[in-house]
Amino acid sequence: MGAPRYLAALAAILLAPSSVGASEFGDVERGAEFWKQCRTCHRIGPNASNKVGPNLNFIFGRPFAGAEGYRYSKAMKAAGEEGRTWDLDQLDAYITDPRGFLKGTKMTFKGIKDSQERADVLAWLRENSDNPQDIPEAAPTAIGTDHSVDPEILSIVGDPEYGEYLSSECLTCHRADGETDGIPSVTGWPEEDFVIAMHAYKDKVREHPVMQMMAGRLNNEEIAAVASYFKALGQE
Amino acid sequence: MKLNRRLFLGSSAALTASLAAPTVWGDNHGKPKVVVIGGGAGGATVARYLAKDSKGGIDVTLVEPTRTYYTCFFSNLYIAGFRDLASIGHSYGTLAGEYGINVIHELATGIDRDAKEVTLSGGAKLPYDRLVLSPGIDFVDGAVPGWDVSAQNAMPHAYKGGSQTELLKKQIEAMPEGGLFCMIAPPNPFRCPPGPYERISMIAHKLSEVNPTAKILIADPKEKFSKQALFEEGWDAHYGGMVERLGPDFGGGNVTVNPAEMTVDIDGDVNTVDVCNVIPAQKAGKICEMAGVTEGNWAPVVPATMQSRIDENIHVLGDATNQGDMPKSGFAANSQAKVAAMAIRGALTGSKVFPAKFTNTCWSLISTENGVKVGATYEATEEKIAKVDGFISQTGEDAELRKTTFEESVGWYSGITADMFG
Numbered sequence: 001m002g003a004p005r006y007l008a009a010l011a012a013i014l015l016a017p018s019s020v021g022a023s024e025f026g027d028v029e030r031g032a033e034f035w036k037q038c039r040t041c042h043r044i045g046p047n048a049s050n051k052v053g054p055n056l057n058f059i060f061g062r063p064f065a066g067a068e069g070y071r072y073s074k075a076m077k078a079a080g081e082e083g084r085t086w087d088l089d090q091l092d093a094y095i096t097d098p099r100g101f102l103k104g105t106k107m108t109f110k111g112i113k114d115s116q117e118r119a120d121v122l123a124w125l126r127e128n129s130d131n132p133q134d135i136p137e138a139a140p141t142a143i144g145t146d147h148s149v150d151p152e153i154l155s156i157v158g159d160p161e162y163g164e165y166l167s168s169e170c171l172t173c174h175r176a177d178g179e180t181d182g183i184p185s186v187t188g189w190p191e192e193d194f195v196i197a198m199h200a201y202k203d204k205v206r207e208h209p210v211m212q213m214m215a216g217r218l219n220n221e222e223i224a225a226v227a228s229y230f231k232a233l234g235q236e
Numbered sequence: 237m238k239l240n241r242r243l244f245l246g247s248s249a250a251l252t253a254s255l256a257a258p259t260v261w262g263d264n265h266g267k268p269k270v271v272v273i274g275g276g277a278g279g280a281t282v283a284r285y286l287a288k289d290s291k292g293g294i295d296v297t298l299v300e301p302t303r304t305y306y307t308c309f310f311s312n313l314y315i316a317g318f319r320d321l322a323s324i325g326h327s328y329g330t331l332a333g334e335y336g337i338n339v340i341h342e343l344a345t346g347i348d349r350d351a352k353e354v355t356l357s358g359g360a361k362l363p364y365d366r367l368v369l370s371p372g373i374d375f376v377d378g379a380v381p382g383w384d385v386s387a388q389n390a391m392p393h394a395y396k397g398g399s400q401t402e403l404l405k406k407q408i409e410a411m412p413e414g415g416l417f418c419m420i421a422p423p424n425p426f427r428c429p430p431g432p433y434e435r436i437s438m439i440a441h442k443l444s445e446v447n448p449t450a451k452i453l454i455a456d457p458k459e460k461f462s463k464q465a466l467f468e469e470g471w472d473a474h475y476g477g478m479v480e481r482l483g484p485d486f487g488g489g490n491v492t493v494n495p496a497e498m499t500v501d502i503d504g505d506v507n508t509v510d511v512c513n514v515i516p517a518q519k520a521g522k523i524c525e526m527a528g529v530t531e532g533n534w535a536p537v538v539p540a541t542m543q544s545r546i547d548e549n550i551h552v553l554g555d556a557t558n559q560g561d562m563p564k565s566g567f568a569a570n571s572q573a574k575v576a577a578m579a580i581r582g583a584l585t586g587s588k589v590f591p592a593k594f595t596n597t598c599w600s601l602i603s604t605e606n607g608v609k610v611g612a613t614y615e616a617t618e619e620k621i622a623k624v625d626g627f628i629s630q631t632g633e634d635a636e637l638r639k640t641t642f643e644e645s646v647g648w649y650s651g652i653t654a655d656m657f658g
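In order, the protein sequence lines correspond to chains H and C. Each residue of the first sequence is one higher than the last, beginning at 1 in this note's numbering. Each residue of the second sequence is one higher than the last, beginning at 237 in this note's numbering.
With the rest of the complex left out, here is chain H (with noise of 0.2 Å):
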């Protein structure tokens, strides 16, 4: 039994990112720990309020300046007007130097110099921030690692123009500009995210009855359009 062991020890070795880029989510319990440090001024959860810092429910997808109630620096109200919203990159450059990012933020934390630390913690906000009442499923947080999907089909390249068509069905429900009324956003969602939540819907892995009829029937090349497209809807 101990040749397992050695063996999984070495597969993390060698599988382990030489450096983890803003793209990449890290480890969920580690993350849980340094959170402690973030609890002092955010809250995150279904009864999540403002404190010194705003909740955090929802935050992945959510505009800059966007929990109800918190009187936020006129810095970020004014990015929220911009239309801003945050992302895994945005939320990483943020904390590695709040106000080195939007000068004239309320946050006074130093930022996170580490970038394991901050996908650590990034890890676990996304699989925290979502509040399960609101977002039955598919949550724009929901983490992408649920389904396996054979790395072939995650490799694939989305043809942009013909996403753009596909994506149509997909907006006469999903708002383009990100908004979420009762159904989640999908703009700007990480492609592989994408491409693994809907082949998990086609392999009726999530329960949807919409979306497995809206995945069943789109092809693997398919899938990758319209992930790329909606990926680079969320930068425009």
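These aren't lab readings, by the way, just hints derived from the structure by calculation. Check each hint, because a few of them may be wrong.
Said to hold, decoys possible - Mimicking DSSO-like on lysine-lysine, the simulated pairs with C-alpha atoms at most 27 Å apart in a straight line are:
1. C:K458 / C:K522
2. H:K204 / C:K639
3. C:K620 / C:K458
4. C:K451 / C:K406
5. C:K406 / H:K204
6. C:K361 / C:K269
As the list claims (entries may be wrong) - To spell it out: a stretch of chain H is covered by chain C in this simulated footprint if at least three of its residues, at any positions, have a beta carbon under 8 Å from a beta carbon of chain C; those stretches are:
7. 30-43
8. 164-175
9. 207-214
Idealized CB from N, CA, C, for every residue including glycine.
With chain H held as given, fit chain C onto it using these hints.
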């Protein structure tokens, strides 16, 4: 302004002027022209997608007589008091201002297919390279003996959004204690198959709050109706004893109304009613008939492009079409509009064309936060828009799932109206 400029160019004097000063009109010169008639789920969507995706490469004109569009979808929720009227009204300001669509609030009164020209109620003529007709429905004359549109104040149809919906709501609220509401339901095919039954649910909801001894009677020419098991389960659970439906076996298809006397004769049995909602048999919006693109009551279309089977320069969308398996719904019209926009752009600007995919989902509200849905996906075959896959809510679902479904419908409303009006 654009209309004026085009009219100006239409005269020979203008031609001289334009040669002298070509920059005045240079921005529109040579662009393909698409005229869209009808600014609902089909028309507004196709106009917006054409303008958006061609990035100004197509000159898009939208002809819609009303300045504020009240959606039929969610109008039943307004009747129940779950929405206010303003929340289901939409203007065309964004389509004109942000998408550069030439929005004209007039009625299209004629179509010259040879000259490829639309005449407006104001007398102006609009030339087109492609014409899109998305006029919704009109009513079949004489469908309900005793009723015509001149009686629509006494017995509203409320099957086109806006003032009729408002009127019906007021009449229901003014019903005497223990009064009788009657609905004359339409035969197939008609706009929004679950619509009449969602309306019954919403009226029952309203009445059980303000007038609990009132009764609801439905005269229905159809054996079966959309989401029947779900509605009937809900009526029993929430409005026990209030709703009675007479199907064709009980003479539900043999109805005469008398709007002056406020009576309804169902198979020889005369009922005095307090409110009567007459939803007559339907046909394509009249402009389709005027354009000569109908066969029978509806306009047949080529599924892959939504082109009229009678004139390839005309596309028809939504309720007015005879297309195959899709229901007549706002969702379906919106879906068809995107296929048409892609096909039109392909034909006029050479952009890529992909295989048509269609979708529909219809949510209905049965009681407070008790939503159900039915939906399907479709593809284009030679012969028709053919169903691929579908689903429907189940009876006996728990309250939490129904609430989620209702919340989803609210999200959909927000999504589709943003998709239509920008």
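Satisfaction of hint between K204 of chain H and K406 of chain C, Cα-Cα up to 27 Å: violated (46 Å)
Restraint status (C-alpha distance of K361 of chain C to K269 of chain C at most 27 Å): Cα-Cα ~13 Å, so holds.
Coverage claim, chain C over the stretch 30-43 of chain H, checked by counting residues with Cβ within 8 Å (three needed): violated (count 0)
Hinted pair K620 of chain C and K458 of chain C, Cα distance within 27 Å: Holds - the C-alpha atoms of K458 of chain C and K620 of chain C are around 24 Å apart, at most 27 Å.
Restraint check for K451 of chain C with K406 of chain C, where alpha carbons must lie at most 27 Å apart: Given pair K451 of chain C, K406 of chain C holds - Cα atoms ~17 Å apart, limit 27 Å.
Residues of the stretch 207-214 of chain H with Cβ under 8 Å from chain C, three needed, outcome: Holds: 5 residues of the stretch 207-214 of chain H have a Cβ under 8 Å from chain C.
Pairwise hint evaluation, K522 of chain C against K458 of chain C, where the allowed Cα distance is 27 Å at most: holds (25 Å)
Annotated coverage of the stretch 164-175 of chain H by chain C, confirmed only when three residues or more have a Cβ within 8 Å: Held - the stretch 164-175 of chain H has 10 residues with a Cβ nearer than 8 Å to chain C, which meets the minimum of three.
K204 of chain H paired with K639 of chain C [C-alpha distance capped at 27 Å]: Measuring from Cα to Cα gives roughly 22 Å; hence the hint holds.
When held up to the earlier numbered hints, the structure conflicts with 5, 7 and fits the remainder.
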